[in-house]
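**Q** Here is what each chain is made of, one letter per residue.
Protein chains: 4
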Amino acid sequence: MSDWPDIAGRNLPDGGHVLPVRVYYEDTDFSGAVYHANYLKFCERARSDMLRISGIHHAQLHGAGAEGRMGFVVRRMECDFLKPAHIDDLLDVETHMLEASGARLVLKQTVKLGEDVIFSANVTLALVDGRGVPKRLPNDLLERLKR
Amino acid sequence: MSDWPDIAGRNLPDGGHVLPVRVYYEDTDFSGAVYHANYLKFCERARSDMLRISGIHHAQLHGAGAEGRMGFVVRRMECDFLKPAHIDDLLDVETHMLEASGARLVLKQTVKLGEDVIFSANVTLALVDGRGVPKRLPNDLLERLKR
Amino acid sequence: MSDWPDIAGRNLPDGGHVLPVRVYYEDTDFSGAVYHANYLKFCERARSDMLRISGIHHAQLHGAGAEGRMGFVVRRMECDFLKPAHIDDLLDVETHMLEASGARLVLKQTVKLGEDVIFSANVTLALVDGRGVPKRLPNDLLERLKR
Amino acid sequence: MSDWPDIAGRNLPDGGHVLPVRVYYEDTDFSGAVYHANYLKFCERARSDMLRISGIHHAQLHGAGAEGRMGFVVRRMECDFLKPAHIDDLLDVETHMLEASGARLVLKQTVKLGEDVIFSANVTLALVDGRGVPKRLPNDLLERLKR
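So the sequence lines, in the order shown, correspond to chains A, B, C and D.
My numbering runs 1324 ahead of the 1-based position in the first sequence.
My numbering runs 1324 ahead of the 1-based position in the second sequence.
My numbering runs 1324 ahead of the 1-based position in the third sequence.
My numbering runs 1324 ahead of the 1-based position in the fourth sequence.
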């Protein structure tokens, strides 16, 4: 199949990243709205694609590079569920980096329906090695993230 | 945000439809591959977007139109899980209609990784009203599907 | 089938509630551990079963009672992901009510593997009517919760 | 926490196995019923617990035993979605082995609401090694399954 230019979202002029996410059957619950835990999935997709656009791939991190096996894990999320979303809605997931230091990334992620912010989260990630021990963010990874 | 032209996939020259699906953390399990039930989610996304491109929206079907509340339900799926997919893979979900008659749609759906077919399913859908009773496919819906 | 006495967990002597949750394939991701968003699902199951044991059922809340349609929605969650869990693990989800007033419930929920706390959350719930407008917690519901 | 005697379901007098599954928010979609792909999750939970009761654990299969790394993968499922289930429903997932030979297990799984069969599937599993190559079912595994 031909390429899909926007499949990993787009970088924003302010240094952030935006990923479009469609609401499907699987995302909703019997109340008629999106099930609350699924916003965390949408945010994880956006983080993965922000990394991807920066040239950082999970499969590579988890493979055995010069640094050994690595991966990001979520340490803390503060989540505000502000308004409901519904089937067929097209959402924008915006991600901005607030802090990158030591073994830690702090991000602000919002889910928007048009101009309305319907979900907002502060997310703390840690980089860990294959045994779950925190690792300092390698310089080349930091540089890629800051571009 | 600006528009995302390919967000609902594309129609194929042979009358089918193709939707790109990225494999994220949420889709995998500890074996390292995509969790088997998630292929059914990928197929449902593709069916929804094939309908969407044809101008048919779940929210409208479920709203009270002239025909009353309606929705598609899956009656039967024959699924072959042929090869594994992994994190970061970009899959193509192809959908072709085999039959549309009475209250029933029969579709062939395949999930491809490059040229490899990794999942294949025959799917029978029924159109039902708000009480779950099968309804004949309305003519305008049939015409839209056959274009 | 005969009854399943513990299917909704048990009340704890301190007024809390505990629900056992088994980790299955669907709960894990390719890192080998439980996918982070799934802890929110485990907590929601525990809240539902704590309500169930108190005689409060979602289907009834959502049905049209004397008070009209109602349901709980999650407004805020502060989540700490402390340690990983793995396939086949048997987890305990403990729920304690911190506050019940106005339209708001505040709960503390922890997920334990043996004596280790592996996930912890402060959860704010709101009771809303069919249009999403907050409703005061009815007295009989408050009394049931406080027993 | 004290033990949960029925957490892995029970063996049936006819050689089958039954697992109770509660329908939670996460299992439903905006149509009001259980999302179709989730029946596959329910069936996978039941298969895991049937194996568990027989003394076979995924973590052990995936660990490096005398036979090397192994795991079951789903090769084919023929699924009939017969009736809807709803929030709060308590379902029984019944599993019977039809065939165990070579590298292959064939199972019949049904999901019941009271006496009504609401979902039915024929499931073909294969035992594979760490590279995905089919392996003959070891004799001790076969004997455990047949007890």
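For the record, the hints were derived by calculation from the structure and aren't laboratory data.
Please note that the accuracy of each hint is not assured.
Note: identical chains are not told apart, hence a pair may lie in one copy or across any two.
Stated by the list, open to error - DMTMM-like cross-link-like pairs, simulated, lysine to aspartate or glutamate; straight-line CA separation at most 25 Å:
no. : residue 1 : residue 2
1   : K1407     : E1423
2   : K1436     : E1467
3   : K1436     : E1402
4   : K1436     : D1338
5   : K1459     : D1404
6   : K1407     : D1327
7   : K1432     : D1338
8   : K1407     : E1467
**Q** Give me the numbers of the hints this structure contradicts, sorted from smallest to largest.
**A** 2, 8
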